[in-house]
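Enquirer: Protein chains in written order, with the working numbering: chain A, 1 to 194; chain B, 195 to 335.
If you are wondering where the hints come from, they were derived from the structure by calculation, not from laboratory data.
All C-beta atoms in this analysis are idealised placements derived from N, C-alpha and C, irrespective of residue type, glycine included.
Keep in mind that a hint or two might mislead.
To give an idea of the interface, some chain B residues facing chain A are shown, with a C-beta separation under 7 Å as derived from the structure [stated by the list, open to error]:
| id | residue |
| --- | --- |
| 1 | F223 |
| 2 | D228 |
| 3 | I238 |
| 4 | S246 |
| 5 | G249 |
| 6 | G250 |
| 7 | A254 |
| 8 | D257 |
| 9 | N259 |
| 10 | L311 |
| 11 | Q312 |
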Amino acid sequence: MKAIALVFSAAIALIPATAAVQAQERLSDTQLIETLNVLDQSKTIDIVALRRQAVDSVAANRGPDASLREPLSQELDNLSQFTVEIQFRTGSAVIRPASFRTIGVIADSLLHPTLLEYKFLIVGHTDAVGDRKSNLTLSQKRADAVRDALVTTFGIVPSRIVAVGLGEEQLQNRKNPDAAANRRVQIVNVGRFR
Amino acid sequence: MRLRKILAAASLLVPMAIPLAASAQTLTFAEAYDRLAKSCGPDIEKLCSKVSLGGGAVKACLDRNQARLSATCKSTSAEVFQSLAKRASAQATAVKVCERDIGQYCNGVQPHDGYRLQCLLTATKVVSSGCKQVIVDAGWN
Numbered sequence: 001m002k003a004i005a006l007v008f009s010a011a012i013a014l015i016p017a018t019a020a021v022q023a024q025e026r027l028s029d030t031q032l033i034e035t036l037n038v039l040d041q042s043k044t045i046d047i048v049a050l051r052r053q054a055v056d057s058v059a060a061n062r063g064p065d066a067s068l069r070e071p072l073s074q075e076l077d078n079l080s081q082f083t084v085e086i087q088f089r090t091g092s093a094v095i096r097p098a099s100f101r102t103i104g105v106i107a108d109s110l111l112h113p114t115l116l117e118y119k120f121l122i123v124g125h126t127d128a129v130g131d132r133k134s135n136l137t138l139s140q141k142r143a144d145a146v147r148d149a150l151v152t153t154f155g156i157v158p159s160r161i162v163a164v165g166l167g168e169e170q171l172q173n174r175k176n177p178d179a180a181a182n183r184r185v186q187i188v189n190v191g192r193f194r
Numbered sequence: 195m196r197l198r199k200i201l202a203a204a205s206l207l208v209p210m211a212i213p214l215a216a217s218a219q220t221l222t223f224a225e226a227y228d229r230l231a232k233s234c235g236p237d238i239e240k241l242c243s244k245v246s247l248g249g250g251a252v253k254a255c256l257d258r259n260q261a262r263l264s265a266t267c268k269s270t271s272a273e274v275f276q277s278l279a280k281r282a283s284a285q286a287t288a289v290k291v292c293e294r295d296i297g298q299y300c301n302g303v304q305p306h307d308g309y310r311l312q313c314l315l316t317a318t319k320v321v322s323s324g325c326k327q328v329i330v331d332a333g334w335n
């Protein structure tokens, strides 16, 4: 299971690298379909509770030092998933053209017959730069923007995708709370559709 | 050295060949939006910077600003959106178009579009030409 839940953080970190390197690391729908086409029915996640936990975490100032902040949900990281980087305009939920292809790859994958039987969760994360509450709000707006693009422009059935923003409450790189690797979007298989 | 020159010449020809191939095989969303970002990226950043990708708003913004778009963006976006429309309609109508084939070859399959289409993909050699074409246009082959 751990091997399946591959996190392509290597590709994420390579965004500003040369074109040649990028071409090699290019995200493909084959990778995404393969990784997401696994459902472990023993693992489930309560999305409403997750969203509430994130809000409570900020309100209670849980783990004031971001580098010591425990992940909100261990369950989330145990589900089949794929992590991508999406570029947004600074402080906004507008997806930049540089990431249009990535959204396209996600759409191609979710629309492929192999994955039509599944529902997905889009989880948005920020790094720990700036105000914690604003980060939570922004990450929710950004996750919503990705979902909105997928269901409107790319025609995915709305009831197949739920979006959650976790702000800086579940950092990927806790040693470096401000690191780019923390700014990420997870696409998680959360069970059968219909 | 000579080989390198030939390769360089060949690589120049490749981008010209792509639109031809695309008319038979519709573009994936990834290919389509990659081309759009490459040809229209600067125009989008300039003219549509506050516009979100959802709701077809980027397309609407490009349409609104036709007169101000670069020539490359104008031609690429027209081509890209045409191909996407064809693919979207193929994906939306595939189950209907392939109804008879599904009845014939995928009778025992669970009544779920995902399973029906997966069955059709494994049966592509024998399905009717109309169904085969819709699978190609949908980009699933």
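Enquirer: Evaluate each hint against the coordinates.
Expert: Results of checking the hints against the structure:
no.: 1; hint: F223; result: holds, 4 Å
no.: 2; hint: D228; result: holds, 4 Å
no.: 3; hint: I238; result: holds, 5 Å
no.: 4; hint: S246; result: holds, 6 Å
no.: 5; hint: G249; result: holds, 5 Å
no.: 6; hint: G250; result: holds, 5 Å
no.: 7; hint: A254; result: violated, 10 Å
no.: 8; hint: D257; result: violated, 14 Å
no.: 9; hint: N259; result: violated, 14 Å
no.: 10; hint: L311; result: holds, 4 Å
no.: 11; hint: Q312; result: holds, 5 Å
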